[in-house]
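Fit chains V, G and P to the known structure of chain L by using the hints.
Note that the protein sequences, when read in sequence, are chains L, V, G and P. Mapping of the first sequence onto the numbering used here: residues 1 to 346, in sequence order. Mapping of the second sequence onto the numbering used here: residues 1001 to 1346, in sequence order. Mapping of the third sequence onto the numbering used here: residues 2001 to 2346, in sequence order. Mapping of the fourth sequence onto the numbering used here: residues 3001 to 3346, in sequence order.
Just so you know, the hints here were simulated from the structure itself, not pulled from any lab data. Treat the hints with caution; some may be incorrect.
Claimed, not checked - Just some of the chain L residues that point at chain G, by a computed CB distance under 8 Å:
| id | residue |
| --- | --- |
| 1 | K161 |
| 2 | R220 |
| 3 | D222 |
| 4 | F225 |
Claimed, not checked - Listing some non-contacts, in silico: residues in chain G with all C-beta distances to chain P over 12 Å:
| id | residue |
| --- | --- |
| 5 | N2007 |
| 6 | D2008 |
| 7 | Q2028 |
| 8 | D2035 |
| 9 | E2052 |
| 10 | R2071 |
| 11 | E2097 |
| 12 | D2110 |
| 13 | A2117 |
| 14 | S2126 |
| 15 | D2218 |
| 16 | Q2229 |
| 17 | D2255 |
| 18 | S2300 |
| 19 | V2311 |
| 20 | G2330 |
Glycine residues also receive a C-beta, built at the ideal position from the N, C-alpha and C atoms.
Below, each chain spelled out in residue letters.
4 protein chains.
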Amino acid sequence: MIYSFNNDYSEGAHPRILQALMECNLEQNDGYGMDRHTAHAAALIRQEIRMEDVDIHMISGGTQTNTLAIRAALRPHQAVICADTGHINVHETGAIEAIGHKVIGVRVPDGKLTPAAVQSALREHSTEHMVQPRMVYISNSTEVGTQYQKAELEALSSFCKQQGLYLFLDGARLGAALTSRDNDLTLADIARLTDLFYIGGTKNGALLAEALIIRHPDIRPDFRFLIKQHGAMLAKGWIMGIQFEELFQNHLFYDLASHANEMAGKLRRGIADCGYSFLWPSSTNQLFPVLPNHVLEKLSQDFLFSTQMIVDEEHTCIRLVTSWATKQTGVDAFLEALTRLGASRQ
Amino acid sequence: MIYSFNNDYSEGAHPRILQALMECNLEQNDGYGMDRHTAHAAALIRQEIRMEDVDIHMISGGTQTNTLAIRAALRPHQAVICADTGHINVHETGAIEAIGHKVIGVRVPDGKLTPAAVQSALREHSTEHMVQPRMVYISNSTEVGTQYQKAELEALSSFCKQQGLYLFLDGARLGAALTSRDNDLTLADIARLTDLFYIGGTKNGALLAEALIIRHPDIRPDFRFLIKQHGAMLAKGWIMGIQFEELFQNHLFYDLASHANEMAGKLRRGIADCGYSFLWPSSTNQLFPVLPNHVLEKLSQDFLFSTQMIVDEEHTCIRLVTSWATKQTGVDAFLEALTRLGASRQ
Amino acid sequence: MIYSFNNDYSEGAHPRILQALMECNLEQNDGYGMDRHTAHAAALIRQEIRMEDVDIHMISGGTQTNTLAIRAALRPHQAVICADTGHINVHETGAIEAIGHKVIGVRVPDGKLTPAAVQSALREHSTEHMVQPRMVYISNSTEVGTQYQKAELEALSSFCKQQGLYLFLDGARLGAALTSRDNDLTLADIARLTDLFYIGGTKNGALLAEALIIRHPDIRPDFRFLIKQHGAMLAKGWIMGIQFEELFQNHLFYDLASHANEMAGKLRRGIADCGYSFLWPSSTNQLFPVLPNHVLEKLSQDFLFSTQMIVDEEHTCIRLVTSWATKQTGVDAFLEALTRLGASRQ
Amino acid sequence: MIYSFNNDYSEGAHPRILQALMECNLEQNDGYGMDRHTAHAAALIRQEIRMEDVDIHMISGGTQTNTLAIRAALRPHQAVICADTGHINVHETGAIEAIGHKVIGVRVPDGKLTPAAVQSALREHSTEHMVQPRMVYISNSTEVGTQYQKAELEALSSFCKQQGLYLFLDGARLGAALTSRDNDLTLADIARLTDLFYIGGTKNGALLAEALIIRHPDIRPDFRFLIKQHGAMLAKGWIMGIQFEELFQNHLFYDLASHANEMAGKLRRGIADCGYSFLWPSSTNQLFPVLPNHVLEKLSQDFLFSTQMIVDEEHTCIRLVTSWATKQTGVDAFLEALTRLGASRQ
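So here's chain L without its partners, still in its complex pose (with noise of 0.2 Å):
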C-alpha cells in the first residue's frame, strides 16, 4: 500500500470538526457567513490574539485569501514585495498579477525576508516609470519549511511600519510554525507586528478554510464586498466558523498541528541518522532532504512525494509533509525502507 506524504491535505477534516458539522447540520444559519458560528469563531480568534479592534473574515483557500488581502490593501499602481520563493509568486498561476499587482520576487537564500532584502526592492523602485512598493508579504512558516523569529519579526515589522509598507503574513501553515521547536511567536504577536495576517485551518485539520485577521483601518473598509465580488463568498458561510470554532476550543489548532511536526521530527533525524542533508533547515511540517536518484527510485514504489529540485545528475531534493493526519506507521515505514536501501556513503 502506498503512503503519501505529498501534501499536508491528503485527508479529510480531523473528526472533531466533522461531528460539529454534523450536529449543527440541520440548523437554519444566515447565509454569507453572517451566521452565529462564525461571530463565535472570530470571538474565539480575538481572544487568542489578545485583540479586540480587528475584522475577520473566513475565506475558503489560501490563494483567494493572498489575493484579497491584496486587493483590498494596494492601489492599482502598488505592488508587493516577497520572497522569490512566496507562493504569490511562484504558485497561485499569476492570480495577483491578474488582479493587476506586479509581484516583486526578492532572491533570498532561505525563504524569508529581511530588511535589507525589502531595502534592495525599494531601490529599485525609486520613480513613476516604476511600479510602486507598498506592501510586504511573508509566509510562516515559508514554503521551504523555515520559520520566522520573533526577533526578525519585529524588524521586519518595524521597517515596514517606518517604509510606509504594509506587512502581510500568509499563515497557511501558521500552526506548524506556532507549534515548532524553534518557535518564539505567539498568535498574540503576529497579530501585533503585521497590519494583516490569516490563520491557516485547510492545511490544519480543517476541511476548507482560513481566518483571515486585518488589524489596520485602511484595509477594513468594504472588505465583504471584494469578497462577494471575488465569488468567495461562501453561501453557507457557518461551515467555516464551525471548523474554526473547533479549531480554537481546547487548543485543537495547537495539537493538530504539533502532531505533524512531531511526526516530521521523527522522519527528519531518521534521515539525518542515515547521513542524508536537507536543503533548508526545518523544524515545521515540510522536510527537504536531498537523496540519491537510485534510492528515491525505490521509495517511490511505496511513497508519495513530491520532487523540489535536480541537485545535481545523482542526487534529487524532495519535499515531504506531513499533517494532522499522518500516521506513525507511515512515518515508520519510511525510515525503514530508508535504512533498508542503505546509508549515505559520503
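Frame of chain L; chains V, G and P shown alone:
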C-alpha cells in the same frame, strides 16, 4: 420559534452527503480535484447528460462559476447579454465587470431571454466603439422563479448559434427547474442546447459545489489554470466530488429538488387560496406573493423571508424560498398564520 | 465636393496652435509632461478657474481621461452612475468595465442627470451583493447636445456631496457648452461644483489634448503613476502643454467654441425654417434634426453626417456637428440643398 | 547653456514631418485612423517589409503599444518572458500586470534573450499552478543599447515557433538598430522572424506614433476594439498616418536614425579615447560609459544625462542618448569638456 423561508441554503447538507464525507474522511486523496471521487462524479454526470466529450469542473459557488465561465469564453472587448434580473447583472457585486467585461442587461418581464430580446441588444452594439456581444447568459430556473420550456430553449439556442454567440446556462437552481411540474427539459437537453452550463449543488442539498459542464471546444483549453488563478481550486477538491457522487447516485439530485418544489407548491396553493396573487408565475422553489404590509408585519414575527419589491403604499412583494430541507410543519405554520390573519379583501 | 458635418475632429489644429508647435520644435524639453509649457498651461488654467489647489494633467484623449479619472477614484467594488447616453456607457468599448468597474446607466430623456435620477440608482444598490455607487459622471455639453444650467449643476453637486459621491464632469465639449447662448456657468463654477473635470482640447481646435483638473484631495495622490501605467504619458508631453498654452491665451478656447456654436446656430435656424424638428433641443455644436429619408438620401450625396436613430419608416434622426473649422460656405451649401429639396409638408 | 543627452525625445518632430502636418491641416479626414494618410503609411510599410498580409495600426506610444500587443495575444493565465532589463519589466509602472499578465524577467548580461534563456523560464513554469508562458518579448535595439544579429534572431524565432511561443519585438528604437554599423537585419527580416513588432516613430523624429505590424493571424481579429477600449484610438488618427508617410518616403526613417548613431559614434570614440570604458557595448544611440564621480559632477553643470547605475564608490555609469536632432556642436562640447577634465588614470 422562527422558521426561515429566506433561501435554499439555510441548512447544511443532506445526511447521505455528510455520511459519504465521513466515510471517505481518512482516505488519502490527490489534491486540487485530481482525485477519483471527482472523476467518478464527472462520469456520473456524463452518463446523465448522455455526452462524453465535455469537460467537467467542480467549483465551490455560483458567482465563482459564472466568473470563470465568462472569463474563459470572452476576449477583453467582448460582453455578455442577460436579462436585467440576471444574477450576474445584479447580485454579484460586479464580479463580471471586475474581470473586465460589460454585462448588457436587457429589460424583460419574466426573467427569461428570447431571441427578440437578444436581437435588440445586438442591434445596439454595432461598431468597434462599443463592446462586442459574444455570450448569452440565462438562468434556469430564473431569479424570479420562472423556467424555460424546451421550445424556448431550442429557439434561443439556435438563434445564438446563428449569431455566433455562446449560450451559457446558470443552473444554480437547475434541480428545481427540471423537477417542476411545468418542465419538459432533461439534463441531456440542457447539455445539447448550450455551450456550457452548470448544475447547482449548493442550493440543492450540498455543502458547497457546482458542476460546470463545458461542451464548446473553444472554451475548454487550460480551464484549470483559470480556476487556480482565481483561487477557486480547492485543495481538498474531493469534498466536491463526493457530494456530486451522492447527488447523481440513486436520483438524490432530483429527489431533493422535488421536495423543495412540493413544499413550494403547497405554499403557492395556500397563498392563492387566501386570495393573494404573485408577481411572477412560478412552479419552482421560489415564490413572489404580493401581500398587504399589515399582514407581513405579523408574519415577520414568526417567519423569515426577504423583501423583493415595494408594490404600492400598502402592498409588498416578498420572496419565499423552499429547499430540500424545508419542513412540512414550517409550511403548515406559515399557511395557518396567513389564514388566521384573514384572506385578501380584494 | 463633399462637405463633412460628421464630427468636430475632422480637421487638424487651429493655425495658431500649429504655429506655436513649430516655434518650439527645436527646444530641448523635459519629457513626460515635466516641461515648462505644460506647467505654464496649467498656470493659465488655474487662473481661469480661480483655484490654486488643484492637480492638472494633460492627457491625449477623452476615453483615456475618463478611464484614468475613474480608476483613480474608485476601489474595485465601486461603480459610476451616468446617463444611459453617457459616453462611458456606450461609446468607449467597455473601457470602464475593462478596468473593473460597473457603469450604472440611468434612463433619462435628455442626456442629463438629476438628483432624482441618481437617487433611483442608489436605491437599487443597497447591499454588499451589489456594486457600490461612488461616483457620478456627467458630460457638458452632453452626448445629445444639451447642457447643464448653473442651478442644475449646483443641485447635483450638493446632492452628490451629501451622498458621498464624487462628481466628475466630462468636458470633451465643454467649450461648446460654456459659449452657448443658454449658458450661465463659468469654468470657475465648474471647478467649484465638481470633484474633477476635464477641458476638451481635441474637439475644440487642438491636435490632441484634454486637461484634467482634480480638486478632490483623495483622487490626487500618485495620479502620474496611473497615467504612465495606462500608457497615457506622452514622451513629448509638451506638445499638449503648448496647445493648452495657446487655447488659454487670448481667449482662443472660447473663440473657437463660439465659432462652432455660431455655425450650428445657423444650421439650426435654417433647418427649423424648413419646418423640421429636432430630437433634442441644443444650442451647442451638435444638432439632431429629424429628416425624411428621401431628403437624407439626396443630402448624403454632398454632405457627410451620421445617423443617430431611426424614428419611423420614413424619418431618421441624424447628427450634424460643427467645429472651430466649419466653413460658412459649407453651412450655406447644406441649407441651400435642404431648401431646394423642399420644406416639410407636416 | 545646458545641452541635453537625456533621451531621444527631447525635441519635437523633424521639420519635414511638421511641414506635412501643416499642409494637410485643413483637410477633412475620417476619424480614428480610418483616413487615407494612415492607409497610405501602412502601404508604404507593407512595401518596406515586403509583406502584404499583415495588419498595421498606428498607436501613440510605446507602453500603449506593448500593452495592446500583449493584451491581444494572451489569455488570462498566460505570461510573457523578457530580459530582466526589458522595458515592460521595469519602466512601464506595471502596465502588463495591470492588464493581468505576469512578466517573467530572465537575468541576462546584455539585454538580449537567447533560446537558452527562454528555455530556463519554460522549465520553471511547468504546471497549472504557475502562469503559462506564451509570448517572448524582445527589444531591438535593447534598453542597454545592444542589438540582435540576424543569426541570433533567427535562432530565437525558430525556438519560439517550436515551443508555441509568440515572438514580439519592441522597436521603439528599431531605427537605431537597423542603421547601426553592426546591423545585418532588414525590416523585412524583422517582419518575417516575429509574430508582431512595432516600428518606433516617437524616438526617431515623429511627434508621436508607433506602427504596430501584426503578422500572426490569431492576434489580428478585433484589434481595433482593443485600441479603442484602452483609450488609444486618437480621434485625429491621421496625425500619426502623416508622420509615418513622411518617415517612409525618401528614407527619412533611416536617415534620422543614422544621424543619431553617427553622433553616438563620435561620443563613443571620444570617450574611449579618454580611456573610459562602457558597461555594455553599443553601436546604437544609447551609450553607457563609466565615469569618475568628480568628472560627472563637473559635466553635469553643462550637460544633462541620466544615471544608470552606481558602479563603485568613485564611479557611476551614466546613459547618454543621441537623436535625429542631436547637434554636432553639442557632441563636440561634451567631448571637449571631458578632455579638459583629464583622461582616465587607470
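> Which hint numbers does the structure go against, in order from smallest to largest?
Replying inline: Numbers 1, 2, 5, 6, 7, 8, 10, 11, 16, 20 - these are the hints that the structure violates, sorted from lowest upward.
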